[in-house]
Amino acid sequence: MSEQLWFFDTLVTPHISTQLSPDGLSVLESRAPRSDSPPLHVHDEDEIWHVLDGEMLIRVGDIDHNVTAGQSLLGPRGVPHTYRVLSAEARWLVVTAKGGFERFVRSFSRPAEAGDLPAPSAPPSPEEAEAFAAACRPYGIELVGPPLH
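So the sequence shown is numbered by this note's numbering: it starts at 1108 and just counts up by one.
By construction, these hints were calculated from the structure, which means they are not laboratory data.
Some hints here could point you the wrong way.
What the hints assert, rightly or not - Here are the simulated lysine to aspartate or glutamate pairs, EDC-like style, with alpha carbons at most 20 Å apart:
(1) 1205 with 1151
(2) 1205 with 1162
(3) 1205 with 1249
(4) 1205 with 1130
(5) 1205 with 1171
(6) 1205 with 1154
(7) 1205 with 1160
To be verified - Computed spacing ranges between beta-carbons, pair by pair:
(8) 1157 with 1213: 12 to 22 Å
(9) 1256 with 1132: 14 to 24 Å
(10) 1124 with 1179: 15 to 25 Å
(11) 1173 with 1153: 15 to 25 Å
(12) 1226 with 1130: 30 to 40 Å
(13) 1220 with 1251: 30 to 40 Å
(14) 1238 with 1210: 29 to 39 Å
(15) 1230 with 1193: 26 to 36 Å
(16) 1178 with 1238: 28 to 38 Å
(17) 1177 with 1240: 32 to 42 Å
Using N, Cα and C, we set each Cβ at its ideal position, and we do this for glycine too.
All chains, please: the whole structure from these sequences, using the hints.
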């Protein structure tokens, strides 16, 4: 069985680890429940989303994109982006090329012992949100707005 990690309420399966690629290429599979949405953020590497199952609203800059199974979208580095799962759950690939994003995910993850999605967790307190924002910075990630509601 492949390695599986809990990154907050998202089940992440690394398929190609940045450790294997001299260029830092990473392919992570994510699976999350309806309404899952990270804060609006920017980072210093391009991000590609390829939806495998379900439907997602992905905001890149000021443009919202409805993305469904079989569709891909590029989030250029330095452009604010986030997503929201619209279907009961969604499964997608995240491709990045410098390794920072995968290292960030791993730093906030714990091993997943079962593949069932958890009930959505409560929103973070203001103190937790600030601690998370500070912890993102060493990975080249800056939180610039709230999740999509």
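Consistency of the hints with the structure:
Between residue 1205 and residue 1151 the alpha-carbon distance is near 9 Å, which keeps this suggested pair within the 20 Å criterion. At most 20 Å may separate the alpha-carbon atoms for a hinted pair to count; residue 1205 and residue 1162 exceed this at roughly 27 Å. With a C-alpha separation of about 16 Å, the suggested pairing of residue 1205 with residue 1249 holds against the 20 Å cut-off. Among the hinted pairs, residue 1205 with residue 1130 is consistent with the structure: their alpha-carbon atoms are about 6 Å apart, no more than 20 Å.
Restraint check: the Cα-Cα separation between residue 1205 and residue 1171 comes to about 25 Å, which exceeds 20 Å; the hinted pair is violated. At most 20 Å may separate the alpha-carbon atoms for a hinted pair to count; residue 1205 and residue 1154 meet this at roughly 10 Å. The suggested pairing of residue 1205 with residue 1160 is violated, with an alpha-carbon distance near 26 Å, which exceeds 20 Å. Range check, residue 1157 to residue 1213: Cβ separation about 21 Å, and the 12 to 22 Å hint holds.
Range check, residue 1256 to residue 1132: about 33 Å between beta-carbon atoms, so the 14 to 24 Å window is missed. Taking the beta carbon of each, residue 1124 and residue 1179 are about 21 Å apart, inside 15 to 25 Å as hinted. Residue 1173 and residue 1153 have their C-beta atoms about 21 Å apart, which keeps the hinted 15 to 25 Å range intact. The hint said 30 to 40 Å for the Cβ distance between residue 1226 and residue 1130, and at roughly 38 Å that hint holds.
Between residue 1220 and residue 1251, the C-beta spacing of about 34 Å keeps the proposed range 30 to 40 Å intact. The hint said 29 to 39 Å for the Cβ distance between residue 1238 and residue 1210, and at roughly 18 Å that hint is violated. For the pair residue 1230 and residue 1193, the supplied restraint of 26 to 36 Å is violated, since their beta-carbon distance comes to about 19 Å. A beta carbon spacing of about 35 Å between residue 1178 and residue 1238 agrees with the range 28 to 38 Å that was offered as a hint.
In this structure the supplied range 32 to 42 Å holds for residue 1177 paired with residue 1240, their Cβ-Cβ distance being about 34 Å.
When held up to the earlier numbered hints, the structure conflicts with 2, 5, 7, 9, 14 and 15 and fits the remainder.
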